[in-house]
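Residue numbers (the working numbering), protein chains in the order written: chain A, 1 to 398; chain B, 1 to 126.
Since the hints were made in silico from the structure, they are not lab data.
Incorrect hints may have been included.
[Stated by the list, open to error] Mimicking PhoX-like on lysine-lysine, the simulated pairs with C-alpha atoms at most 25 Å apart in a straight line are:
no.	chain 1	residue 1	chain 2	residue 2
1	A	K221	A	K247
2	B	K51	A	K276
3	A	K302	A	K394
4	A	K394	B	K38
5	A	K221	B	K38
6	A	K190	B	K77
7	B	K77	B	K38
8	B	K38	B	K72
9	A	K276	B	K84
10	B	K51	B	K38
11	B	K51	B	K84
12	A	K190	A	K108
13	A	K270	B	K38
14	A	K247	A	K202
15	A	K394	A	K321
16	A	K177	A	K305
17	A	K108	A	K177
18	A	K270	A	K190
19	B	K38	A	K276
20	B	K51	A	K270
21	A	K270	A	K302
22	A	K221	B	K84
23	A	K270	A	K177
24	B	K51	A	K305
25	A	K247	A	K108
26	A	K270	B	K72
27	A	K302	A	K276
28	B	K84	B	K72
29	B	K77	B	K51
30	B	K77	A	K276
These numbers were taken from a predicted model, which means no experiment stands behind them.
Listed below, chain by chain, are the residues.
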Amino acid sequence: MNSRRNFLKQMFGGALAVGAAPSLVARALALPQSGSTEKTVIDMPGEDGLIVRSFRFVDLETPVEYFNTWLTPVPHFFVRNHMHEPSELNGDVANSDWRLTVGGEVDKPFGLTFSELSRMETHSVVNTLECAGNGRSLHRPQVPGIQWGKGAMGTARFSGPRLRDVLQRAGIRPTGKHVMFRGLDEVPGKVPPFIRSIPIEKALDSDTLIATHMNGAPLTKHHGFPARALVPGWIGAASCKWLTEIKVLDAEFVGNFMSPGYRMPNQPIKPGDAVKPEDTHPLTALNVKSVIAGPIEGARVKAGKVAVHGAAWAGENNIAKVEVSTDGGTSWNAAGLGHDEARYAWRLWNYAWTARSGDYTILSRATDSEGRTQPATALWNPSGYLYNAVDQVKIHVA
Amino acid sequence: MWHEPESDAKRRWADWFPAAALAVVVVLALSPWTFAQKPTADLPPGPMQAKATTSCLECHEARIILQQRLSKAAWTKEVDKMMKWGAVVDTNDRDALIDYLSVNFGPDQAAYEPPRTSVGKTAVKK
Chain A
1 MNSRRNFLKQ MFGGALAVGA APSLVARALA LPQSGSTEKT VIDMPGEDGL
51 IVRSFRFVDL ETPVEYFNTW LTPVPHFFVR NHMHEPSELN GDVANSDWRL
101 TVGGEVDKPF GLTFSELSRM ETHSVVNTLE CAGNGRSLHR PQVPGIQWGK
151 GAMGTARFSG PRLRDVLQRA GIRPTGKHVM FRGLDEVPGK VPPFIRSIPI
201 EKALDSDTLI ATHMNGAPLT KHHGFPARAL VPGWIGAASC KWLTEIKVLD
251 AEFVGNFMSP GYRMPNQPIK PGDAVKPEDT HPLTALNVKS VIAGPIEGAR
301 VKAGKVAVHG AAWAGENNIA KVEVSTDGGT SWNAAGLGHD EARYAWRLWN
351 YAWTARSGDY TILSRATDSE GRTQPATALW NPSGYLYNAV DQVKIHVA
Chain B
1 MWHEPESDAK RRWADWFPAA ALAVVVVLAL SPWTFAQKPT ADLPPGPMQA
51 KATTSCLECH EARIILQQRL SKAAWTKEVD KMMKWGAVVD TNDRDALIDY
101 LSVNFGPDQA AYEPPRTSVG KTAVKK
């Protein structure tokens with residue numbers, strides 16, 4: 001009787017704790033705590049264990065611990081949508097009304113069916129695709145936008161016809177200076193459509209593609225089926241998904257996602273400073289950057305051999321070296337670079353650390369072929385673009 | 001208050017049942033399955049919850065808002081941008097909407113912890 005009463009008291013005591021202090025129960029059950037925490041698991045076919053920044057429209061981030069393979073499997077590849085996905089594009093695109101049109105400052109505008117596009121000569125580019133806003137949540141003061149952590153990026157082999165083959169078939173006029181991409185995203189309200197342009201030189205680069213495949217399989221809907229632009233080494237926003245129109249322009253496209261969107265101040269600014277549009281430039285190539293994929297933040301590892309590992313990339317440049325510090329930045333050690341490499345792809349890196357027990361701040365710092373090195377603090381900007389500070393994780397070695 | 005059980009077996013059952021039932025309730029309440037049905041999130045309670053739901057969630061889900069940590073000045077810019085982009089907000093409600101967002105999603109609030117997609121269900125629907 002006594003023991004039963006005590007047991008029931010403990011149970012009801014637990015129930016009271018559930019009502020009064022959920023964090024205690026959450027801690028006991030190792031759930032994340034705080035009122036803003038969701039313990040939801042969302043079924044999304046084809047997307048495996050990704051962080052849901054938004055469900056409608058779809059924005060999914062890759063957890064850093066997945067960055068342990070040179071090619072990121074598609075189910076682990078981040079998704080960044082600005083709008084709602086096209087509702088009409090499903091399955092049998094070859095027999096649909098889908099067309100890719102080429103026009104503007106060209107001699108012979110034309111359109112391609114999917115079968116015609118598929119019959120063109122195919123090229124492959126292994127590219128690290130990164131959202132310009134990757135790491136936005138790490139900027140201080142905080143700025144509006146999708147609050148990406150470190151995983152709005154991934155590396156895949158993209159395949160499809162070269163953009164320049166299509167442009168040359170249309171015959172670019174001397175007035176053609178920029179190439180505009182329009183996708184089939186469905187725009188809600190009076191939101192400006194997601195249209196951007198790239199300079200003609202980048203459009204004519206032999207590595208700029210109209211990609212139809214990713215890691216050897218047709219693009220999935222979330223990644224731009226049936227075709228997307230692939231502008232290697234540049235911010236993800238350059239690589240327009242659900243591509244349906246290519247238009248050669250005599251100047252940079254004028255629209256929200258070229259200005260004020262996706263621009264950086266020409267000079268460093270302080271938070272709160274106003275920036276005139278003429279004192280900004282459009283974002284193009286990615287920064288030099290590295291990320292630690294393991295051990296992850298807050299990890300507890302055993303003393304002895306610990307593999308500190310991750311990935312490093314530099315947009316259109318190559319990675320020259322990656323250094324790791326296990327003492328908060330006092331001393332740095334060269335990491336070994338992985339064998340797999342391609343011009344626009346990250347290098348995996350690894351540092352074999354002999355760890356003694358204690359609390360550590362582990363840092364990684366990449367330097368590229370142009371001598372650019374990750375800064376200790378990223379350059380703050382009003383939209384939180386191109387965060388690339390030295391990466392850091394705090395861990396405990398037992 | 002409690003009925004005294006006669007046999008040992010019955011007594012054991014009576015000892016366990018309320019505790020076991022409660023344990024099941026607690027586990028279910030905390031379980032991911034309980035919430036797995038609805039993939040989108042809700043805005044927090046408050047005087048503007050209903051109107052913000054109508055004005056904002058027409059075009060995007062609540063998590064776009066829940067994850068922001070912005071000053072009142074920054075929320076003012078966002079609300080005005082969204083009204084320009086088609087969010088239907090009564091002029092009389094604009095200030096209250098900005099207050100609601102600033103109070104709930106200011107720079108000092110704890111970081112929003114997002115959910116994840118399920119693991120191991122990678123089959124793509126054809």
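Tested hints:
1. For the proposed pair K221(A) and K247(A), the alpha carbon gap of about 23 Å is at most 25 Å, so the pair holds.
2. Annotation: proposed proximity of K51(B) to K276(A) is violated, straight-line Cα distance about 34 Å (limit 25 Å).
3. Between K302(A) and K394(A), the direct Cα distance comes to roughly 14 Å. Compliance with the 25 Å bound is thereby established for this hinted pair.
4. Using a Cα cut-off of 25 Å, the hinted pair K394(A) and K38(B) is violated, with the two alpha carbons roughly 35 Å apart.
5. Our distance criterion of 25 Å between C-alpha atoms is met by K221(A) and K38(B), whose separation comes to about 22 Å.
6. Between K190(A) and K77(B) the CA atoms are separated by roughly 17 Å; this keeps the pair inside 25 Å, and the hint holds.
7. With a C-alpha separation of about 30 Å, the suggested pairing of K77(B) with K38(B) is violated against the 25 Å cut-off.
8. The suggested pairing of K38(B) with K72(B) is violated, with an alpha-carbon distance near 30 Å, which exceeds 25 Å.
9. This hinted pair checks out: K276(A) and K84(B) have alpha carbons roughly 20 Å apart, not beyond 25 Å.
10. Annotation: proposed proximity of K51(B) to K38(B) holds, straight-line Cα distance about 21 Å (limit 25 Å).
11. Taking the CA atoms of K51(B) and K84(B), the gap is near 17 Å; set against the 25 Å cutoff, the hint holds.
12. With a C-alpha separation of about 33 Å, the suggested pairing of K190(A) with K108(A) is violated against the 25 Å cut-off.
13. Between K270(A) and K38(B) the CA atoms are separated by roughly 41 Å; this puts the pair beyond 25 Å, and the hint is violated.
14. For the given pair, K247(A) sits about 14 Å from K202(A) by alpha-carbon distance, which is consistent with the 25 Å threshold.
15. Restraint check for K394(A) and K321(A): satisfied, since their Cα atoms lie roughly 22 Å apart, inside the 25 Å limit.
16. Restraint check: the Cα-Cα separation between K177(A) and K305(A) comes to about 54 Å, which exceeds 25 Å; the hinted pair is violated.
17. Straight-line distance between C-alpha atoms of K108(A) and K177(A) comes to about 17 Å, which keeps the hinted pair within the 25 Å bound.
18. A hinted pair counts as satisfied when its Cα atoms are at most 25 Å apart, and K270(A) with K190(A) does not qualify at roughly 32 Å.
19. Of the supplied pair hints, the one linking K38(B) and K276(A) is violated, its CA atoms being roughly 43 Å apart against a limit of 25 Å.
20. Among the hinted pairs, K51(B) with K270(A) is inconsistent with the structure: their alpha-carbon atoms are about 35 Å apart, more than 25 Å.
21. Our distance criterion of 25 Å between C-alpha atoms is broken by K270(A) and K302(A), whose separation comes to about 43 Å.
22. Distance restraint check for K221(A) and K84(B): the Cα-Cα separation of roughly 30 Å exceeds the 25 Å cut-off, and the hinted pair is therefore not satisfied.
23. Between K270(A) and K177(A) the CA atoms are separated by roughly 34 Å; this puts the pair beyond 25 Å, and the hint is violated.
24. Restraint check for K51(B) and K305(A): the C-alpha separation of about 56 Å exceeds 25 Å, so the hint is violated.
25. For the hint pairing K247(A) with K108(A), the CA-to-CA distance comes to about 12 Å; that is within 25 Å, so the pair holds.
26. Between K270(A) and K72(B), the direct Cα distance comes to roughly 18 Å. Compliance with the 25 Å bound is thereby established for this hinted pair.
27. A hinted pair counts as satisfied when its Cα atoms are at most 25 Å apart, and K302(A) with K276(A) does not qualify at roughly 53 Å.
28. For the suggested pair K84(B) and K72(B), the alpha carbons sit about 18 Å apart, so the restraint of at most 25 Å is met.
29. With a CA separation close to 19 Å, the supplied pair K77(B) and K51(B) stays within the 25 Å bound.
30. Simply put, K77(B) and K276(A) have alpha-carbon atoms about 16 Å apart, close enough for the 25 Å limit, and the pair holds.
Against the hints set out earlier in the document, violations occur for numbers 2, 4, 7, 8, 12, 13, 16, 18, 19, 20, 21, 22, 23, 24 and 27.
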